[in-house]
Amino acid sequence: MQGPLIDTLARQGITRRTFLKYCATLASMMALPPTAGRAMAEAMAAARRPSVIWLPFQECTGCTESITRSHSPTIEGMIFDMISLDYQETLMAAAGHQAEAARANAMKENAGKYLLIVDGSIPLKMDGAYSCIGGRSNVDILKEAAAGCAAIVAMGSCASYGGIPKANPNPTGAVSVSDIVKDKPIVNIPGCPPIPVVMTGVLAHYLTFGSLPALDDKGRPKSFYGDTIHDRCYRRPFYDQGKFARTFDDEGARQGWCLFELGCKGPVTHNACATVKWNGGTSWPVESGHGCLGCSEPDFWDGGGFYKALSAPADPLKFAAAAAVVGAGAGVAVSFANRAKKSAARASHETTTLADLEK
Amino acid sequence: MTDLQFLTWVRGPGLNIAIGIFLLGVLWRLIEIYTLGRRKDLAAPRHAAGASGFHTVFRRSLPLPGMLKRSPVSYIGGYIFHAGLAIIVFLGAPHILLIKNLVGLSWPALPSQFIGLAAVVTMAAMVVVLADRINKPVKRFLSTFEDWFTWAVTFLPVLTGWMATQHLLLPYTQMLALHILSAEILLVVLPFSKLLHGFTLFGSRWYNGKVNAHKGVPV
Amino acid sequence: MSLDAIPIHVVNAPSGEPGLTGNAPPLLRELLEQVRRLLDTGEPSAIDLSALPLTPADLDWLHDKLGSGEIAVALQANGESTLNETGCPGVWWITHRNEQGAVTSQFIEVTFVPELVKAHPRDVAIGQEQLEFMISDL
Amino acid sequence: MSASLEKGIHALREVIDAPIASYFSSCVHCGLCAEACLFYTETGDPKYTPIHKLEPLRRVYEQEYTLLGRLKKRVGLSKAVTDAELDEWQELVYDSCTLCGRCSLVCPVGNDLVYMVRKLREGMAVSGHVPDGIRNATKRTVETGGPMGLKWPAVAHVLKHAEEVTGLKIPVDQAGADYLVLLSSMEIVNYPEYIEAIARIFHKAGISYTLASDAYEATNAGIQIGNSDLAKVIVSRIVDAAEKLKVKKVLSPECGHAYMAIRWEGPNLVGRPFGFEVVHVLELLDELRQKGVLKMKDKLKDPLILHDPCQIVRRGGVLQAPEPLIRQVAENYIPTADKQKLNWCCGGGGGASAIHTEAAEALRAKAFKIKKRQIEEAGVDTMVTFCANCRITIEEGFDHYEMNTKLLGLTELLAEHLEPVDANSASALP
Numbered sequence: 001m002q003g004p005l006i007d008t009l010a011r012q013g014i015t016r017r018t019f020l021k022y023c024a025t026l027a028s029m030m031a032l033p034p035t036a037g038r039a040m041a042e043a044m045a046a047a048r049r050p051s052v053i054w055l056p057f058q059e060c061t062g063c064t065e066s067i068t069r070s071h072s073p074t075i076e077g078m079i080f081d082m083i084s085l086d087y088q089e090t091l092m093a094a095a096g097h098q099a100e101a102a103r104a105n106a107m108k109e110n111a112g113k114y115l116l117i118v119d120g121s122i123p124l125k126m127d128g129a130y131s132c133i134g135g136r137s138n139v140d141i142l143k144e145a146a147a148g149c150a151a152i153v154a155m156g157s158c159a160s161y162g163g164i165p166k167a168n169p170n171p172t173g174a175v176s177v178s179d180i181v182k183d184k185p186i187v188n189i190p191g192c193p194p195i196p197v198v199m200t201g202v203l204a205h206y207l208t209f210g211s212l213p214a215l216d217d218k219g220r221p222k223s224f225y226g227d228t229i230h231d232r233c234y235r236r237p238f239y240d241q242g243k244f245a246r247t248f249d250d251e252g253a254r255q256g257w258c259l260f261e262l263g264c265k266g267p268v269t270h271n272a273c274a275t276v277k278w279n280g281g282t283s284w285p286v287e288s289g290h291g292c293l294g295c296s297e298p299d300f301w302d303g304g305g306f307y308k309a310l311s312a313p314a315d316p317l318k319f320a321a322a323a324a325v326v327g328a329g330a331g332v333a334v335s336f337a338n339r340a341k342k343s344a345a346r347a348s349h350e351t352t353t354l355a356d357l358e359k
Numbered sequence: 001m002t003d004l005q006f007l008t009w010v011r012g013p014g015l016n017i018a019i020g021i022f023l024l025g026v027l028w029r030l031i032e033i034y035t036l037g038r039r040k041d042l043a044a045p046r047h048a049a050g051a052s053g054f055h056t057v058f059r060r061s062l063p064l065p066g067m068l069k070r071s072p073v074s075y076i077g078g079y080i081f082h083a084g085l086a087i088i089v090f091l092g093a094p095h096i097l098l099i100k101n102l103v104g105l106s107w108p109a110l111p112s113q114f115i116g117l118a119a120v121v122t123m124a125a126m127v128v129v130l131a132d133r134i135n136k137p138v139k140r141f142l143s144t145f146e147d148w149f150t151w152a153v154t155f156l157p158v159l160t161g162w163m164a165t166q167h168l169l170l171p172y173t174q175m176l177a178l179h180i181l182s183a184e185i186l187l188v189v190l191p192f193s194k195l196l197h198g199f200t201l202f203g204s205r206w207y208n209g210k211v212n213a214h215k216g217v218p219v
Numbered sequence: 001m002s003l004d005a006i007p008i009h010v011v012n013a014p015s016g017e018p019g020l021t022g023n024a025p026p027l028l029r030e031l032l033e034q035v036r037r038l039l040d041t042g043e044p045s046a047i048d049l050s051a052l053p054l055t056p057a058d059l060d061w062l063h064d065k066l067g068s069g070e071i072a073v074a075l076q077a078n079g080e081s082t083l084n085e086t087g088c089p090g091v092w093w094i095t096h097r098n099e100q101g102a103v104t105s106q107f108i109e110v111t112f113v114p115e116l117v118k119a120h121p122r123d124v125a126i127g128q129e130q131l132e133f134m135i136s137d138l
Numbered sequence: 001m002s003a004s005l006e007k008g009i010h011a012l013r014e015v016i017d018a019p020i021a022s023y024f025s026s027c028v029h030c031g032l033c034a035e036a037c038l039f040y041t042e043t044g045d046p047k048y049t050p051i052h053k054l055e056p057l058r059r060v061y062e063q064e065y066t067l068l069g070r071l072k073k074r075v076g077l078s079k080a081v082t083d084a085e086l087d088e089w090q091e092l093v094y095d096s097c098t099l100c101g102r103c104s105l106v107c108p109v110g111n112d113l114v115y116m117v118r119k120l121r122e123g124m125a126v127s128g129h130v131p132d133g134i135r136n137a138t139k140r141t142v143e144t145g146g147p148m149g150l151k152w153p154a155v156a157h158v159l160k161h162a163e164e165v166t167g168l169k170i171p172v173d174q175a176g177a178d179y180l181v182l183l184s185s186m187e188i189v190n191y192p193e194y195i196e197a198i199a200r201i202f203h204k205a206g207i208s209y210t211l212a213s214d215a216y217e218a219t220n221a222g223i224q225i226g227n228s229d230l231a232k233v234i235v236s237r238i239v240d241a242a243e244k245l246k247v248k249k250v251l252s253p254e255c256g257h258a259y260m261a262i263r264w265e266g267p268n269l270v271g272r273p274f275g276f277e278v279v280h281v282l283e284l285l286d287e288l289r290q291k292g293v294l295k296m297k298d299k300l301k302d303p304l305i306l307h308d309p310c311q312i313v314r315r316g317g318v319l320q321a322p323e324p325l326i327r328q329v330a331e332n333y334i335p336t337a338d339k340q341k342l343n344w345c346c347g348g349g350g351g352a353s354a355i356h357t358e359a360a361e362a363l364r365a366k367a368f369k370i371k372k373r374q375i376e377e378a379g380v381d382t383m384v385t386f387c388a389n390c391r392i393t394i395e396e397g398f399d400h401y402e403m404n405t406k407l408l409g410l411t412e413l414l415a416e417h418l419e420p421v422d423a424n425s426a427s428a429l430p
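Protein chains in written order, with the numbering used here: chain A, 1 to 359; chain B, 1 to 219; chain C, 1 to 138; chain D, 1 to 430.
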């Protein structure tokens with residue numbers, strides 16, 4: 001499978017025009033200038049395939065599913081043809097020692113040049129014993145693989161921020177890639193799972209320009225995570241008008257009104273779902289009638305309940321009643337003291353005489 | 001602490017603590033104040049139309065003839081920012097939802113653009129009122145640390161709320177968390193500062209009206 | 001079962017979309033600049049319509065203003081794409097759709113012929129091979 | 001802490017109540033009360049802001065009756081009230097406050113500021129932080145019966161003169177009369193015409209009345225200095241006399257503080273409701289006017305304005321009587337913009353007119369500018385009022401600004417224009 005990507009694609013029945021069209025759309029999504037589409041296509045068509053090592057840690061394989069099941073005939077999938085995916089447990093034919101050997105080999109041959117993709121969080125408790133591959137802990141493998149890589153792509157919320165394994169009370173001591181690796185460029189592609197085109201967009205950028213795209217303060221590509229779901233949501237006008245669905249089966253829900261009151265986390269969630277949508281642009285959670293869970297934000301699992309509106313208390317009031325009782329008690333106690341003091345003052349009143357007017 | 005953790009804290013434990021202190025403080029202070037008692041007025045009362053504590057509670061919301069001209073900024077600025085705060089707090093959709101979650105009552109909201117406008121107008125009025133406090137000799141003379149502090153504590157929730165919805169300066173999540181935190185600070189400060197006037201003003205007006213109504217003077 | 005059978009649908013299309021924002025007219029000036037540049041230097045350029053805050057009404061307005069020209073190209077490549085010359089020769093309205101028919105991106109290109117329409121030399125070379133093969137078979 | 005200061009704090013501890021607690025908790029330092037105070041509007045000095053005058057009371061309230069205040073005091077965050085401070089505040093509480101109560105009308109949160117000043121004076125008085133003028137007036141009232149040291153023989157002399165002028169008998173110590181008529185020293189000394197006017201009007205109306213030789217003085221310096229014990233001593237004389245003579249009603253003279261003392265503070269000072277009614281002379285006159293008894297032989301033509309004394313109108317509740325009465329006798333009455341309960345004080349109430357220090361007199365003169373302006377804006381040469389204390393202060397103001405304005409007492413004015421008395425009436429002198 002060596003040679004320019006375009007030939008590989010041609011063999012799979014993807015025409016040059018289809019590829020150009022795809023690159024134009026990809027550039028548009030990544031907020032690159034219109035001319036970048038062609039530059040991208042040219043660069044990628046002729047690109048040398050970089051070695052990619054994909055390490056799965058404490059994960060559910062949802063991220064891999066998302067990428068590999070992206071819409072037919074999988075242009076996104078085709079992008080993977082332009083990389084040399086030297087290690088991906090789920091996809092590779094090799095197993096056991098063979099697989100491990102393949103990884104070791106790729107790392108050695110492409111030292112300092114390979115791209116490392118990680119999905120899943122890394123458990124640290126009990127010396128990382130919660131998740132091991134071939135007898136070695138994830139943290140160990142990560143440190144070794146990271147040492148020789150050019151850059152790391154943290155795929156999904158687990159690798160980016162710890163994700164569900166890190167959810168309170170975090171029994172395995174799960175952490176993100178960036179918690180462990182500090183000296184390599186890391187791009188986070190959070191989401192549970194992430195949107196496939198974001199993944200391919202980042203790969204395309206890396207292949208075209210030899211660098212990672214511009215990142216925000218949470219290490220996410222700005223082009224996809226720059227706006228919140230709420231900002232781009234087609235139901236946003238209903239929010240502005242104050243029209244809300246109050247249950248999942250009321251008139252408001254049928255009318256397609258805003259799901260804020262049903263706990264939609266769109267306003268605090270940065271992702272591209274509202275514009276890119278899912279399943280080849282078919283739909284996305286809000287369009288299907290369910291609020292955003294906020295899956296691409298750090299610690300979304302502990303964000304105070306999926307069905308609780310953002311402006312509602314995250315927990316039920318715990319000590320309001322007790323505080324009221326204590327306050328009333330304090331007030332009554334002070335009032336008793338005050339009344340006693342005042343009565344005492346009145347009782348000890350000395351009738352004023354003229355002499356008292358002098359200083 | 002991540003943004004979302006911060007937001008979740010202010011929505012959870014932070015809110016719990018703030019509402020707890022608020023309830024504790026308000027009850028304590030109100031009981032402390034109103035149980036101090038008052039002597040019965042033994043003089044034979046004079047009755048006059050429009051003279052009662054109840055009347056004064058409402059009548060005192062309007063300036064006395066001539067006063068508007070003497071201190072237009074206090075009155076107009078004061079009306080605008082009090083009305084603005086009321087509109088934002090009681091007619092903003094997320095706020096109504098919060099109230100609904102806390103006490104179960106709910107009513108229709110105003111469009112968010114209108115609330116945004118109200119916030120801008122409110123902030124403008126508050127800035128003008130602050131400038132007036134700095135400029136006017138009497139206000140400056142009376143002002144203590146508490147006056148500046150409570151101004152800031154009242155201003156910040158409006159500012160952060162508005163900045164959050166307009167996506168200014170900080171990401172929405174951080175700004176929203178700061179907004180909620182600043183509102184919580186306001187709740188905590190309220191019972192122990194002059195902001196308690198939101199409650200005691202009714203008592204004060206009523207007492208004033210009542211004492212003078214006994215003499216047949218509608219005040 | 002089609003998607004329409006699912007009884008959740010937007011009865012009232014979200015408002016805010018109709019109405020002109022005033023963002024479209026300046027684009028005409030930009031196009032004029034780009035056409036001048038094309039004539040002076042031969043350099044093609046493009047405007048990414050999906051990256052701009054344009055409402056459907058804005059797009060309709062723009063579409064109406066530019067009108068339609070003589071050439072309309074339809075490209076079947078992973079969904080249909082249309083590359084239509086507008087009433088202003090050299091200005092092309094390009095819409096890419098996915099297989100579901102949804103618009104994925106939309107451009108106005110200022111060029112003599114859109115790059116996508118031209119056949120690439122390497123593809124032409126493949127065509128040449130095919131023709132030679134056909135002739136050799138005669 | 002000095003013994004006198006201790007007494008002062010003790011007195012404040014006794015008088016601080018729920019309204020005061022509510023008022024201090026409501027104040028937002030908006031400063032609007034300053035705009036209602038003539039000492040501020042005429043001087044522009046922010047220290048005359050009414051709420052500032054109450055600072056010592058606020059601190060005592062906070063330190064004595066709030067939990068936080070007690071804690072703050074304990075850790076030194078709230079400093080105790082000192083003699084030096086009260087000394088400084090004496091000017092603010094007495095010289096520059098006439099208890100006019102205009103501030104209580106404007107406070108947007110509803111604070112009754114004058115209510116608090118009156119209470120603060122309880123503490124100021126017993127801790128000795130009072131101006132000499134008011135202290136001496138109080139002493140004289142308690143010791144001799146009146147603030148000017150006037151004794152009964154002098155009063156009897158004035159009464160005799162009035163009888164001669166009017167030709168009417170003025171009853172003294174007559175049990176069972178309808179009205180016990182009270183006077184104020186100022187009227188006796190400066191405006192004896194008032195007594196003549198009363199004699200004529202009562203005669204005309206055919207109402208029985210009496211004076212009491214042991215309770216002729218209605219003014220009460222005790223409520224001005226702010227000491228309830230002494231005020232009680234003074235007011236008790238009237239109560240005792242009224243009860244002894246079994247009168248139905250007690251007639252308060254025009255004097256504002258006298259009315260306040262006997263009508264509103266009286267029952268609270270003696271600690272029980274009165275068995276008789278207290279009526280202000282204008283209330284009686286207005287009642288007579290409505291009955292058609294008060295007929296004028298002619299009317300005053302000069303354009304004039306009315307000065308509504310604070311303690312009678314704004315603070316006393318005699319709101320409706322003055323205007324119909326002035327219209328009864330004056331053809332060209334010009335209502336001022338700030339009239340009735342909104343009227344501006346003359347600057348001499350609350351005992352201020354008794355303070356004769358140079359500074360206090362200068363301040364009073366400054367404050368008087370507001371009255372001067374009212375007169376000038378109305379463009380009149382005549383002002384009518386119905387309070388002896390106001391009259392003295394206003395006359396002083398006229399002198400100070402060398403104004404040629406005429407000042408008239410309402411009751412006298414009415415008496416002067418009253419239809420002639422029927423000489424055959426029963427109460428006429430033989």
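It is possible that part of the hints are untrue.
[To be verified] Listed next, with one range per pair, are the computed distances between beta-carbon atoms:
hint : chain 1 : residue 1 : chain 2 : residue 2 : range
1    : D       : Lys246    : B       : Phe192    : 39 to 47 Å
2    : B       : Ala44     : D       : Ala156    : 55 to 63 Å
3    : A       : Cys132    : B       : Trp148    : 53 to 61 Å
4    : C       : Leu59     : A       : Thr68     : 32 to 40 Å
5    : A       : Glu358    : B       : Ile76     : 23 to 31 Å
6    : C       : His63     : B       : Phe58     : 57 to 65 Å
7    : D       : Glu55     : B       : Trp151    : 15 to 23 Å
8    : B       : Ala44     : D       : Glu361    : 32 to 40 Å
Treat the hints as calculated values from the structure; they're not laboratory data.
We put the beta carbon where it would ideally sit given N, CA and C, even for glycine.
To see whether the hints hold, each was checked on the structure:
1. D:Lys246 / B:Phe192: 39 to 47 Å: violated (57 Å)
2. B:Ala44 / D:Ala156: 55 to 63 Å: violated (32 Å)
3. A:Cys132 / B:Trp148: 53 to 61 Å: holds (60 Å)
4. C:Leu59 / A:Thr68: 32 to 40 Å: holds (35 Å)
5. A:Glu358 / B:Ile76: 23 to 31 Å: violated (50 Å)
6. C:His63 / B:Phe58: 57 to 65 Å: The hinted range 57 to 65 Å holds for histidine 63 of chain C and phenylalanine 58 of chain B, with Cβ atoms some 60 Å apart.
7. D:Glu55 / B:Trp151: 15 to 23 Å: Given a distance of about 21 Å, which is inside 15 to 23 Å, the answer is holds.
8. B:Ala44 / D:Glu361: 32 to 40 Å: With Cβ atoms ~38 Å apart, the hint holds.
Going down the numbered hints, you'll see the structure goes against 1, 2 and 5, while the others check out.
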